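Asks: Line by line, the protein sequences are chains A and B. The opening residue of the first sequence carries number 355 in this note's numbering; numbering runs sequentially from there. The opening residue of the second sequence carries number 68 in this note's numbering; numbering runs sequentially from there.
Keep in mind the hints are simulated off the structure, nothing from the lab. This structure is a prediction, so every number in the text was calculated from the model and none was measured. Among the hints, a few may not be true.
[Claimed, not checked] Chain B regions said to be covered by chain A (calculated; three or more residues, Cβ under 8 Å):
#1 107-115
#2 127-141
#3 152-161
[Unchecked claim] Quick partial rundown of chain A residues pointing at chain B, CB under 7 Å, derived from the structure:
#4 397
#5 399
#6 561
Glycine included, each C-beta is placed from N, C-alpha and C at the ideal position.
Below are the chains, spelled out letter by letter.
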Amino acid sequence: MIRRALVAALLAGGIAAASELRPSRDFLSPELRALQDDPSRHPGWLWVEDGEALWRRGERSCQSCHGGIDSMAGVAARYPAVAQDGALLNLETRIERCRTQQQGEAPFGYESDALLSLSAAIAQRSRGLPMSVATDGAAAPFVEQGRRFYETRQGQLNLACGQCHDDNAGRRLRGDVVSNGLGTGYPAYRLEWNTLGSLHRRLRACSLGVRATQFPLGSPEYLALELFLAARAAGLPIEAPGLRR
Amino acid sequence: MANPIVARITLPERARRGEIVTVRVLVRHPMERAIDAPGLTPVPRRILHTMRVTHAGEEVFRADLSQGITANPYVEFTTIAVETGDVVFEWEEDGGASYRREARLVVT
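The shape of chain B in the complex, shown without the other chains:
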């Protein structure tokens, strides 16, 4: 179902309940835009078109990514630390593949 993907996820190891935490995600992906130009072999678009992040069972961040976004896209957002648990990152790719990574957030 959801495959692993190379990503660097940076978030504080622990946070106080109610604290605003910054989450940084760098994911390795070519973000292949469609190439269809004279003299070039056409390449279908293959990008991560959706990114979704859940924490404590609730969606805290979602982004629609376009083909204008660079390869190895970097996303930074803030959220409120609610409870100890995994922050789950999911990406959907053109063609139906999906990827998943988790990062632990300890809330005290």
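Isolated chain A (complex conformation):
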């Protein structure tokens, strides 16, 4: 009897279902959670305000096509997404494409203050909405690619993402609490960075942490992983701009 119960428990543990994943805010200390919820204290809002100004700036502004930035509500919940030409785009690369192809301007550059501000202002419009990226059709191979990346042991420490973010979520590592690694709070203000940063910057830190190859910001590897993380986070609320340690 006891053995059977044990086997059942082990099996249930083996198939980590989405229901076991907790929103990233649950892993924050009460102080940081309060800070994340309070726009009057959250430094990320400096970037959000900047992004709102950028949205309106220029002759061919974002606003001239899309209308007010509030029309972006829910958009961040659908990204990364596959564009018509088959490329996988996240919010940042989508904005860059809009900028070069529709506005005829030079790209901002990944991790530039301008791009961070715009993506923060746009993502903020989806704050609290559940993640819901498309995972079927053209997106399916990218989700699979992301899943392989997530499940493959990497680097000198020979760790797969899930060995921290599934098996040890909620426990402590290097003075912080290991989260489920959902990325729903990005772009986020990290106290360690003293600035707002993109998910890909955070992923590079993860790669470095396990002493694996760090891929460039906006690389296909991280884009596919971002899509897989978003698919994993389906139904969980967007927290951008997040506040992280």
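For this one, chain A is given, so just place chain B on it according to the hints.
Replies: Below, chain B alone, put in the same frame as chain A:
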């Protein structure tokens, strides 16, 4: 003289005379500490070293900020609503630059 600076100032739009109001200020600044370590290019210190707030012509808050204070520093304090007018925030930076922002407080 005093340049504008990006800041988020939160205070109640109106307050009764004599009421205690909470003022929150978040200012965008890198607060560059001096870097002088082997292998790194030395960087001179450039922080906002003084913050001063006046209301109704009187200083209501002053802080000396050190290089131990984070980038984009956040300050919260309380003061007594005296009369309708601008609450004036001034920061002084290493190198002599100064910055200024104002926020309206309506006292009824």
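Asks: Next step is simple, just say for each hint if it's right about the structure.
Replies: For each hint, the structure was consulted:
no. : hint    : in the structure
1   : 107-115 : violated (count 0)
2   : 127-141 : holds (count 4)
3   : 152-161 : violated (count 0)
4   : 397     : 4 Å, holds
5   : 399     : 6 Å, holds
6   : 561     : 23 Å, violated
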